[in-house]
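Engineer: These are the residues of each chain, in order.
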Amino acid sequence: MEDSSSRRNFLLGGAAGVGAVALATEGCMLQPYRQRDAVSHRWGMVIDLKRCIACRACGMACKMENKTPPGVAYGVFLEQDIGQYPHVQKRAFFRPCFQCAKSSCAKVCPTGATYHRPDGIVAVDYERCIGCRYCIAACPYGARSFDYGYDYIEDAENPYNAIPSAEYGAAYGLRQKGKSPIGNVRKCTFCLHLQDEEGQYREAPACARTCMGRAIHFGDLADPEGKCLVHGESLQELLCRRGHYRLKEELGNEPAVYYLPW
Amino acid sequence: MSSHRQASVGFVLRVVGLGLVVALAAIGAGAVVVRMRDGLMVTQLTQHVPWGLWIGLYIYFIGLSAGAFLLSTLIYVFGVRRLEAAGPTALIQALGCMLIALFLIFVDLGHPWRFLNVFLYWNPSSVLAWECLFYTGYVIIILGELFLLLRVPLAVRAQEGGPLAGLFRLLALTREVPDAAWRAKAARWVRILGLIGIPVAIGVHGGTGAIFAVAKARPNWFSGLFPIIFLVSALASGGGLLTLLTAAFHRAPPEKKYGLVRQLAFLTVGFIALDALLLGSEVLVTEYGEIVHEEIGWQLVMFGPFWWVFWFVQLGCGLIVPVLLVALPTRRSTAWLGVAGASVAVGILGTRLNIVIPPLIQPALEGLTTAYHHPRFAWGYFPSTNEWLVGLGAIAWGILAFLAARAILPLEPTEDRPAAEPSA
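The listed protein sequences derive, respectively, from chains A and B. Be aware that the first sequence starts at 1, since it is given in this note's numbering, and climbs by one per residue. Be aware that the second sequence starts at 1001, since it is given in this note's numbering, and climbs by one per residue.
Since the hints were derived computationally from the structure, they do not count as laboratory data. It is possible that part of the hints are untrue.
Stated by the list, open to error - Okay, derived cross-link-like pairs now, DSSO-like style, lysine-lysine, Cα gap no bigger than 27 Å in a straight line: (1) A:LYS50 x A:LYS179; (2) A:LYS177 x A:LYS102; (3) A:LYS248 x A:LYS63; (4) A:LYS63 x A:LYS179; (5) A:LYS50 x A:LYS107; (6) A:LYS50 x A:LYS90; (7) A:LYS107 x B:LYS1216; (8) B:LYS1185 x A:LYS248; (9) B:LYS1216 x A:LYS102.
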């Protein structure tokens, strides 16, 4: 008994050793993936399309909260006309970043600038990002934007330009030509900057808070009792009662955003 | 009299051509300065088409490089002696094209000066990160092979004296001409490096294909055939350019030169045939399947706004013209075979652009192009003036670098040199 366990330990040690050697160049790069196994939270959304009135306020709130420049969009509202008269239908839905459990973006990022946080959110280290845009090519949901360097107001003295974007705790300061996040790829982080030190949300992401039809539910999907931080419904109950789907499920990216159908 | 006039026409053409290349190189340098100042704002790239002309040219040059390198291994590893005279030129082409490719990725980065992050924060799950290692190793192998091959002739030239003697001494890293023992050792090491170079070159170009092939978000890239198509078309384009360079610049007696060019042209056409087979398979299977999102890409390639790139450049220049030139009596002319090589090299440029751009045009989700009103979210892509100028500049630098290397370095076997001087 003791023998077999020590042998197993030895084998495990050996395997770890091989792994360590393989990763000796940059051990911490796999950190995001390792942390994913020890999930504490899994922040996610349940979007009830029956309640959505297509007012597009979610996209607007996102713009204001993250102060994204022109040409950069985190959450967008997609609309589509389907069919031919008289059998026409309007399809519309809100698309934030889906914070995929098996994201394509973090997988292809050559520098590991895009990484998985333990709470399931996929974030970008702007200082590490080289701006190769492989993640944009690889994202199946078009959820990433490159910051080309546009500004709504050119005048640097304008009060609007004196307010830094709140994302990542305003760590990147005011916009300056050639400085991050200009030249980086940017994405929705479920308003990560609204989390407190314990990783709990002080308030829900802007899109969910602003939704007047109460269509966007946000909360912890890993918690069986998890409730929407805005409206208080049980997320698991919503998912169980109604049929639900995720976009492009067949790709296996495992998004953290579920849609409840019409 | 007439031969004198011919010679002067040739001279004028050469001067005009060189002037054009120098002008393009200078304008390209200016365009790079503008690009470094203003960032990627100068491009017409969008949020749906994040890669454009520069990435198309980058994979094109990687292909030209890997193809030429793999052809050189025929000589140095597999001992195909009839091609031996083209060996150093092939390696110079492999090096020059690789450096242009690396430059093109550099200008394409949002933060070019952070390129070292790829090594500092190397992410093993990224194909691109692995490629950066492959590219580095590959350049080192080519430099090593060139050193081993050219050290003796360089040392000989250094001893002959002249204004460049110092440079030759520096490149040869010696004052003495290496002895026979060193030559034997060098020949063995060229073979070993070539042998190591084969999987590395396959990794360089097949792996570059894999960068695209693993992106399941883009149905037209996501195919196991893709890296193989990359490799085969690399061999075709690399062979094509090498045929052209040999036909245009190689100094050897006409008979000997024709034999060499013919070998290269026939080899190239063989690779084209294989490439056409793979392309046909890919298109027919996709079209038969009628899976909408896969079909859209090919529809764009064949009947989209730039349909002529597929029919005239990719198929016309890349397949039909070279096959005809090699099949018809033109095959008996070194010059026409050189044209066939040039035609392949141009045609595969069309292939590369069709690989990168059309599969990106269709946005990842329906409605993304109208969800946000901004030029960077619009449908479609056409390179900006700056993108064209940087791209053309890079090509011009490549031509100048090759001309300089050819003028300075001893690329031909010494016994061929003096005899060929009058005809060149």
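Engineer: Determine which of the earlier numbered hints do not hold for this structure and return their numbers in increasing order.
Structural biologist: Hints 1, 2, 5 and 8 are the ones this structure does not satisfy, whereas the remaining hints hold.
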